[in-house]
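Trainee: So the protein sequences, as listed, match chains A and B.
Residue 344 is where the first sequence ends in numbering that gives the first Met the number 0, and the numbering goes up by one at each step.
Residue 300 is where the second sequence ends in numbering that gives the first Met the number 0, and the numbering goes up by one at each step.
Be careful, since some hints might not be right.
Simulated restraints on C-beta separations [claimed, not checked]:
{"#": "1", "chain 1": "B", "residue 1": "Ala140", "chain 2": "A", "residue 2": "Val247", "range": "47 to 55 Å"}
{"#": "2", "chain 1": "A", "residue 1": "Arg121", "chain 2": "B", "residue 2": "Val143", "range": "40 to 48 Å"}
{"#": "3", "chain 1": "A", "residue 1": "Ala33", "chain 2": "B", "residue 2": "Arg187", "range": "45 to 53 Å"}
To be clear, the hints were calculated from the coordinates, so they are not data collected in a lab.
Here the structure is a predicted model, which means the values were calculated and not measured.
Cβ coordinates follow ideal geometry from the N, Cα and C atoms, glycine included.
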Amino acid sequence: MGVQMTSTRAGLEGIAAALRRRPLIWQLGLLALALLLPLPLGDYYRTVAWRTGLYAILGLSLTVIVGYAGLYQLGHAAFYAIGAYTSAILNLRLGIPLLLTLPASVCVSGLCGYVITRPILRLRGDYLMIVTIAFGEVVRLALVNNIFGLTGGANGLSGIARPSLGGFEIRAPIHHYYLMLFFLVLTLAGIHRLQHSRLGRAWMCVREDEEAAEAMGIDTTRVKLLAFVIGSAWAGLAGGLYAGKLTVVAPDIAKFMESVVLFCIVVLGGTGSLPGVFVGTLGMVTLPELFRPLRAWRDAWVGVAMVVMMIARPEGLWPSRKVQLEIRGEKEEASGRSAAAEAGS
Amino acid sequence: MQFIQQLINGITIGSFYALVALGYTMVYGVLKLINFAHGDLFMWGAYLGLTGFSLLIGVAASGSGWMVLPVAVVVLVTVALAGVLVERVAYRPLRAAGRLAPVISALGVAFILQSLARNAYGASWRTYPPGIALEGGLTLAGGVRIGAMQIAVVAVSLLLMAALYLFVQRTRIGTAMRAVAIDPVASRLMGIDVDRIIAIVFLIGPGLGGIAGLIVALYYGSFDFTLGWTFGLKAFIAAILGGIGNIPGAMLGGMLLGVTETLAAGYISPQWKDAIAYVILILILLVRPTGLLGERVAARV
Numbered sequence: 000m001g002v003q004m005t006s007t008r009a010g011l012e013g014i015a016a017a018l019r020r021r022p023l024i025w026q027l028g029l030l031a032l033a034l035l036l037p038l039p040l041g042d043y044y045r046t047v048a049w050r051t052g053l054y055a056i057l058g059l060s061l062t063v064i065v066g067y068a069g070l071y072q073l074g075h076a077a078f079y080a081i082g083a084y085t086s087a088i089l090n091l092r093l094g095i096p097l098l099l100t101l102p103a104s105v106c107v108s109g110l111c112g113y114v115i116t117r118p119i120l121r122l123r124g125d126y127l128m129i130v131t132i133a134f135g136e137v138v139r140l141a142l143v144n145n146i147f148g149l150t151g152g153a154n155g156l157s158g159i160a161r162p163s164l165g166g167f168e169i170r171a172p173i174h175h176y177y178l179m180l181f182f183l184v185l186t187l188a189g190i191h192r193l194q195h196s197r198l199g200r201a202w203m204c205v206r207e208d209e210e211a212a213e214a215m216g217i218d219t220t221r222v223k224l225l226a227f228v229i230g231s232a233w234a235g236l237a238g239g240l241y242a243g244k245l246t247v248v249a250p251d252i253a254k255f256m257e258s259v260v261l262f263c264i265v266v267l268g269g270t271g272s273l274p275g276v277f278v279g280t281l282g283m284v285t286l287p288e289l290f291r292p293l294r295a296w297r298d299a300w301v302g303v304a305m306v307v308m309m310i311a312r313p314e315g316l317w318p319s320r321k322v323q324l325e326i327r328g329e330k331e332e333a334s335g336r337s338a339a340a341e342a343g344s
Numbered sequence: 000m001q002f003i004q005q006l007i008n009g010i011t012i013g014s015f016y017a018l019v020a021l022g023y024t025m026v027y028g029v030l031k032l033i034n035f036a037h038g039d040l041f042m043w044g045a046y047l048g049l050t051g052f053s054l055l056i057g058v059a060a061s062g063s064g065w066m067v068l069p070v071a072v073v074v075l076v077t078v079a080l081a082g083v084l085v086e087r088v089a090y091r092p093l094r095a096a097g098r099l100a101p102v103i104s105a106l107g108v109a110f111i112l113q114s115l116a117r118n119a120y121g122a123s124w125r126t127y128p129p130g131i132a133l134e135g136g137l138t139l140a141g142g143v144r145i146g147a148m149q150i151a152v153v154a155v156s157l158l159l160m161a162a163l164y165l166f167v168q169r170t171r172i173g174t175a176m177r178a179v180a181i182d183p184v185a186s187r188l189m190g191i192d193v194d195r196i197i198a199i200v201f202l203i204g205p206g207l208g209g210i211a212g213l214i215v216a217l218y219y220g221s222f223d224f225t226l227g228w229t230f231g232l233k234a235f236i237a238a239i240l241g242g243i244g245n246i247p248g249a250m251l252g253g254m255l256l257g258v259t260e261t262l263a264a265g266y267i268s269p270q271w272k273d274a275i276a277y278v279i280l281i282l283i284l285l286v287r288p289t290g291l292l293g294e295r296v297a298a299r300v
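With the rest of the complex left out, here is chain B (with noise of 0.2 Å):
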């Protein structure tokens, strides 16, 4: 029974996992650049929630889970513009400029994000206000535990993965984007407009990842600047493990590291957790370079 909670937990952490490496995954397929400062966007999605939940509580005086529903707009539609911008500000003029200066300045805009967070907020850990998170849950034979939020936070991350994996299959925008992840001289050739596709990209995966903040930080209640770098790092992991430029790879990799990591804590030991995460991680890079479902790979770089 202890088996089957860790599990449905691993799960959870997993579909955070999941939403956070769509934005790794999808920048990498495009550009081929490690966008170092996607954790930092989504970190700021969970920042941007607090401000939008503080500012709704200043108007209707108590937190309720309607409130959710405007805050994830908003944060989605700010996250997204801020990924946009920093394409077009720090890689873009980087395109022809060799693999090392677009790494250092996605480095260089992730300390831009985070020490502004820390600048805004403080460098202590910020709470939730209460009320808006779901309360309650469902409890399963054997004592198995499901939490209302758990059943929400899976479900939207699916649905969201479910609606990207439909577009990027089956829109005239997605067919693109594989396009120009597989060529993107060809692609020009071909009449697509590159850049357009790429600033596209850059408006889901930090959308996506602006999401994935808020619901993390109503998940667990509280975080801090370093949110964006910790579960980023793990994210990209997710990313690499499900095979990177590819999509269900993104969401089969969260999922998979989430539940490893869960189980690694409940069984062998919970300090450990993280290390075993970044042991597997190795591992699967050795064994299987190309993720569990990748299927082309950067050979050469």
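Same shape as in the complex, but just chain A (with noise of 0.2 Å):
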């Protein structure tokens, strides 16, 4: 089994050193597989496809909050019902075609997450924690309880008008396929330029040391904030195309378990990462959708699978680099790896 390990281990930072060396070719090849991988394939596991790609856009947004800023958010798929059901009611209500709800979607989230976050910020790890799942269950219960009259109460709302772009209606899984892919892709271009960014430094700053931060006069405060607005406003836009693809939306969407599905996104894959969250995403969406028809026992393996992943690799499968070395630094990099790291950052 150790060995077994290993090898995996080894395999996958083969990958990722491979990834690091050619990045345009690499980058260039996966989305012509992501443009590819849906032809062959049959209505399903489209429709498999595109719940992976959505579930990645959200842990993406997922992770500017808990990866980037290491602010535990166990609520956040209350952002996503947000979305989803800000375009709804517009679509509904005012008759608004559903691609133009979108960025009303991610306003709408972006200001509840504002709202929201903005008295909790001086909370730190698990208080801020438990306030998430609060402020989550809160905003599901709003929805159950039919808030204002908009929300359609414990059955949601439905009869959402397909979205059509230009005459043409996105009606088939492989077209809300490509649009799901379109909007991934402009999620991992503007993750990877804020990761880079000042700001994702300052997150990272915050992250690993919130005085030390303060003390480099990072405005610790408004750092947090836009974590959490840009990961809540982000996380409405894939509620508004869950909208658009389902035509219903309902208070389930904004359940704990889904917060913790997302959370584990996160965290199995690698805090912090970005092709970590799309392993996360395989583990936690694609594998138990696949295996739908072992559903009695579905969920006890997912939860196997996470109990053993930690305890094998606490960093997740696919950690960024910094948060290895941090994690394993102290048992088994005594060897000259530690160091050369260092010397090298």
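Quick one: dock chain against chain with the hints and give me the complex.
Mentor: What follows is the structure, encoded as structure tokens:
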């Protein structure tokens, strides 16, 4: 078992290293793969691919909060739901075409992210986590209780018009897949830029040591708030895409289990690592979906996988190098590797 | 009068929250870990009770009150051992692994326990056999009713909590527990077997949780596999409310939450009672993050 684990680790690290060396070729290759992937598949698998991509977008949006800024957010699904409901309500009440509601979904989710997280920013760690769980539940209960008479209660809203683009109705799973893929690529590009921006470095600084960040002149409150607002806003976009695909929204998408899945996507793959989000999505969303025939025992296996994974690789499957060094550092980096990494960084 | 009635119902529910909250608070005290699996261990108490009663009724032909005692003992022991097993398998290997890994592991254990329960007992609501829960009660002046079951559950809860409090305050093991909660490293240097103390905490917390599951199921009569999650989250809120890591705090927090919730359901709106409970939690954490009785707080994480 030990040997096998080491070899997977070596394999993954090999791929990671290769990706780092030749970024453009790999990126184009992956994009081509993503474009061609659904063509030979049936509608069911195309929908699975769509779901995978959607959760990857959600996972990436949460990575900004949990991975970069190190803020424990266990109520992220609430913003996904807020986005979905915003699109649904604008479409149903005002007849705005779905694709045009997406900017509104982003704005409303971002605004809710601001309003909700502004007062709780000074909480840290576990306390922050609890409050985000509580907020997530409040949002779900508000949706269930038909707040402002807009959300349709426990059954949610149905009959959302399908999105259309210049007269072309986006209906088949494959059309939704490409729509999702467009936004996924946009998200990846945006987050990659953010990661290496001034703000991204400030986030990571806050994550590592908030006092030190403050002492270095980083406005930690503003930086943390921005992480929450950006992450929440982008989850709202995923919500809008969801509403367009399913044409139905229900309070269930805000339930705690969804938030847990999103949180696990970020952490299982490796906190703060972009490829890690995809690994996490495959593990938490795609594989369980493909094993749907084993439905009864599926959750138990997901649970076993979570425990085993954390024991075997507490830093995640495809961690960012920094986090990996931090966690493994004391235990096994006594050999030359940590010294080399330190010299290199 | 309605107010007093609500108060009595609230205290009853609050005593359930308090019992479950104790498990969260004790584990958080020694490990600084939110044991997300605790709610599901609690739920297993309810299901194991169901199995126990069914077996006994198979022998004795009809349900009666004495059955609670043997079933309670079996539930206590089984859930407590399950708690120790969970700690040994899923948490102990992660002591040095940062803060996120144990959280994911705990969530994983919750997934497993919930899925096991759903497969073993089905996804539908299950009902306890008749004749076991106490019937009848007292009617006080002004039409206020106290059920016999209410008196029994509150009495049992208070008894268990008092016993736990004395255990933690007066015995050597209890003292060691408090020492580990304050500083595990120094405790180890003082000759305390920290692993053993943590195992004992995982024996007591889930044991009480299992009993609470049995009591809750007896009180309400029926439940399903989501019991652990819904009830567990609120119990956890109770633990925070009182100040996490603090045993009297968990009791106070549980009672307060139960009473507030019942009053909110009675006077404001039953649909919004859960939301009100969460909003109160948020407000308390903002005003007094240490909870009502909390002294020490993990400021830096």
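Trainee: Decide, hint by hint, whether the structure agrees.
Mentor: Structure-based check of all given hints:
1. Ala140/B with Val247/A: 47 to 55 Å: holds, 53 Å
2. Arg121/A with Val143/B: 40 to 48 Å: The hint (40 to 48 Å, Cβ to Cβ) holds, given that Arg121/A and Val143/B are roughly 44 Å apart.
3. Ala33/A with Arg187/B: 45 to 53 Å: holds, 52 Å
The structure agrees with every numbered hint stated previously.
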